[in-house]
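Chain residues, written in single-letter form:
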Amino acid sequence: MKKIALLAALQIGVIVGWAGYHEGLRANAPTFRIPLQPVDPYDVLRGRYFTLNPLDGRIDSAALGPTGTASVDAMADGQQHLARPARVGFCPAGDVFRVCALRAVGDPDHGGATYWARGYLTGSRTPGGWQLSLDLHLDRFFLPNRFQLPGRERDPAWELEVSHRPEQPLLPRRLWFEGRAVEIGG
Amino acid sequence: MSRDLTVVERHLAHWRDAGLITDEQRRELWASSEKLARSGVNSVLRTALALLGGALVLAGLMLVIAENWDAMHRMVKLGGWAVLLGGFLFAAHHLGHRLPHRPALAEAFALLAGGWVLAGIALVSQIYHLDSRPPNGIWLWLALVLPAAWLLERRATAAVVFTALVAGLTLEIQEPRSIVYATRMASPWLWLAIPLLAGFLVSLLPRPWPSLRGWLGLWILGISQVFLLVLGAFQELDHSGLGRGWILAAAGLGAALAVPGRVLPEAWDGLTSRILLAATLLPWALVGARYERAVILDNVGLGAAWVVQIALALLIIRAGAKSGAAVWVNLGYVALLAGIVVRYFDFFGDFLEGGLALTLTGALLLFVLYALERARRRTFDTEAA
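Line order of the protein sequences matches chains A and B.
Every letter in the first sequence is one number past the one before it in the working numbering, and letter 123, counting from 1, is 123.
Every letter in the second sequence is one number past the one before it in the working numbering, and letter 312, counting from 1, is 312.
Among the hints, erroneous ones may be present.
[To be verified] If you want the ones that stay clear, here's a sample from chain A, every Cβ over 12 Å from chain B, calculated:
| no. | residue |
| --- | --- |
| 1 | M1 |
| 2 | Q11 |
| 3 | G13 |
| 4 | A19 |
| 5 | R33 |
| 6 | Q80 |
| 7 | A83 |
| 8 | P85 |
| 9 | D109 |
| 10 | P144 |
| 11 | S163 |
[As the list claims (entries may be wrong)] Under the rule of at most 16 Å between Cα atoms (straight-line distance), these lysine to aspartate or glutamate pairs were calculated in the EDC-like manner:
| no. | chain 1 | residue 1 | chain 2 | residue 2 |
| --- | --- | --- | --- | --- |
| 12 | B | K322 | B | D269 |
| 13 | B | K77 | A | E167 |
| 14 | A | K3 | B | D269 |
| 15 | B | K35 | B | E9 |
| 16 | B | K322 | B | E266 |
| 17 | B | K35 | B | D4 |
| 18 | A | K2 | B | E153 |
| 19 | B | K322 | B | D381 |
| 20 | B | K77 | B | E67 |
[What the hints assert, rightly or not] Label-pair ranges, simulated between beta-carbon atoms:
| no. | chain 1 | residue 1 | chain 2 | residue 2 | range |
| --- | --- | --- | --- | --- | --- |
| 21 | B | P100 | A | S133 | 27 to 37 Å |
| 22 | A | T114 | B | W69 | 33 to 43 Å |
| 23 | B | L146 | A | Q168 | 26 to 36 Å |
| 24 | B | S132 | A | T126 | 30 to 40 Å |
If you're looking for bench data, these hints aren't it; they were derived computationally from the structure.
Keep in mind that this is a model prediction, so the values were computed, not measured.
Even for Gly, the Cβ is constructed at its ideal location relative to N, Cα and C.
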């Protein structure tokens with residue numbers, strides 16, 4: 001019986017501990033909002049979900065300001081194609097935060113952005129700079145099956161409130177629509 | 001009168017006629033068996049009603065939970081998951097000790113407990129909208145279930161570990177950033193290697209799953225035959241480029257070739273197992289990256305696929321006959337039939353037009369079926385002799 005108790009303690013402890021970590025983040029981590037271009041499909045195992053599709057999932061390095069292309073060039077190290085983890089800097093743009101800087105992982109430069117998180121960058125060199133795909137590890141937001149969305153998925157007013165952990169991937173916290181938090185419950 | 005009582009009556013009459021029991025004893029024994037049969041009927045009825053009632057209660061509870069799932073607080077969901085996991089583990093342990101000679105129920109609860117851990121991982125990722133590399137969830141599942149192989153003392157855990165390993169490795173080879181990312185799956189290398197590697201690792205557990213070797217043998221034979229037939233007939237599934245997946249291919253095939261007795265059926269001796277694996281992969285080794293009609297070696301590989309498919313079917317028949325395992329003899333003949341039919345339509349399919357051609361094809365098929373059935377029976381008769 002001791003062995004069973006030990007096994008149960010291990011399995012339940014890990015899962016509940018993992019949930020507890022995220023509860024702690026929800027309670028204490030700073031948050032900010034980023035704009036989305038969502039899609040609303042269905043996952044067989046976990047149910048209905050929003051494909052978040054952050055607006056900054058595709059960016060042009062020239063749009064990141066005068067140092068944008070230079071910083072990506074530094075990461076690419078002379079190559080024409082890039083695929084690597086990156087530090088992603090977010091700056092305020094009205095009520096939301098947008099990607100405003102990219103740095104290599106390990107680069108100590110913290111200037112130019114309010115929040116720094118981790119993402120994965122892929123892209124190719126073009127005459128004007130770099131065409132980049134940025135994976136912020138924000139793919140899905142699960143919804144109750146019968147939940148009625150306050151707007152259509154293709155409306156431009158969708159935002160995601162994220163929990164920020166310094167130099168780590170962002171975590172989804174809440175959906176926002178037209179400047180108001182979407183209350184889902186549970 | 002129930003079937004049991006009919007049998008008892010017949011035997012009692014026979015014993016009385018043989019002088020083993022008197023008529024008085026026959027009557028007493030009959031009365032005793034009749035009482036037992038009546039209580040058995042009652043017991044069966046009670047059990048059936050109890051199971052029906054239990055199933056209805058369970059179904060009702062599940063419906064109540066499903067209807068109110070969205071409204072339940074996340075802590076209630078997690079708490080419910082934890083309570084159920086504890087219950088499943090306790091049931092698996094308790095029933096295993098209470099009914100040591102009837103372990104099926106305990107094994108069922110152990111299997112349920114193993115799967116329930118994955119449900120917990122899915123629950124947390126759903127509640128907190130977590131997203132990660134798909135294999136990560138499976139590796140966490142494996143890490144949490146693995147201690148059960150030592151702590152729970154049930155064989156069902158090996159089945160859960162095997163499932164987790166196969167699922168994890170299959171997802172891992174599809175991840176572009178994985179160290180074992182496979183560019184293609186259109187060849188038998190990984191379809192064979194992943195289950196073999198998982199089977200080998202599971203065989204190292206303190207309580208392996210006894211039927212696994214048989215199921216693996218069935219999978220290996222099936223994959224071998226399907227890939228050889230498709231390559232031979234259609235020149236499809238011919239891409240051998242594994243990318244970094246060669247690491248897994250080497251590990252799985254290497255383990256199976258080194259110690260076939262750990263992963264492949266008992267009915268297959270070591271030589272049969274090694275020949276089957278090596279011969280299955282021979283055509284792809286000759287074809288190279290992919291089949292090209294103008295390359296001689298690729299055509300040799302194609303011809304090898306035709307020959308190997310039939311040869312492996314005969315090999316399995318021989319192995320089954322030698323070990324007395326009828327299932328492998330039967331499967332070998334099924335593979336032989338499949339090979340003959342596919343080859344026939346591959347070579348002559350374009351000429352089969354009109355009623356006469358179809359009639360002759362049907363007659364030929366019937367003859368082949370008859371000949372194979374005779375050969376199959378002769379195989380069994382020879383082994384019985």
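TODO: Hint by hint, work out which the structure violates, then give me just those numbers in ascending order.
DONE: Those not satisfied are hints 1, 2, 3, 4, 7, 8, 10, 11, 13, 14 and 21.
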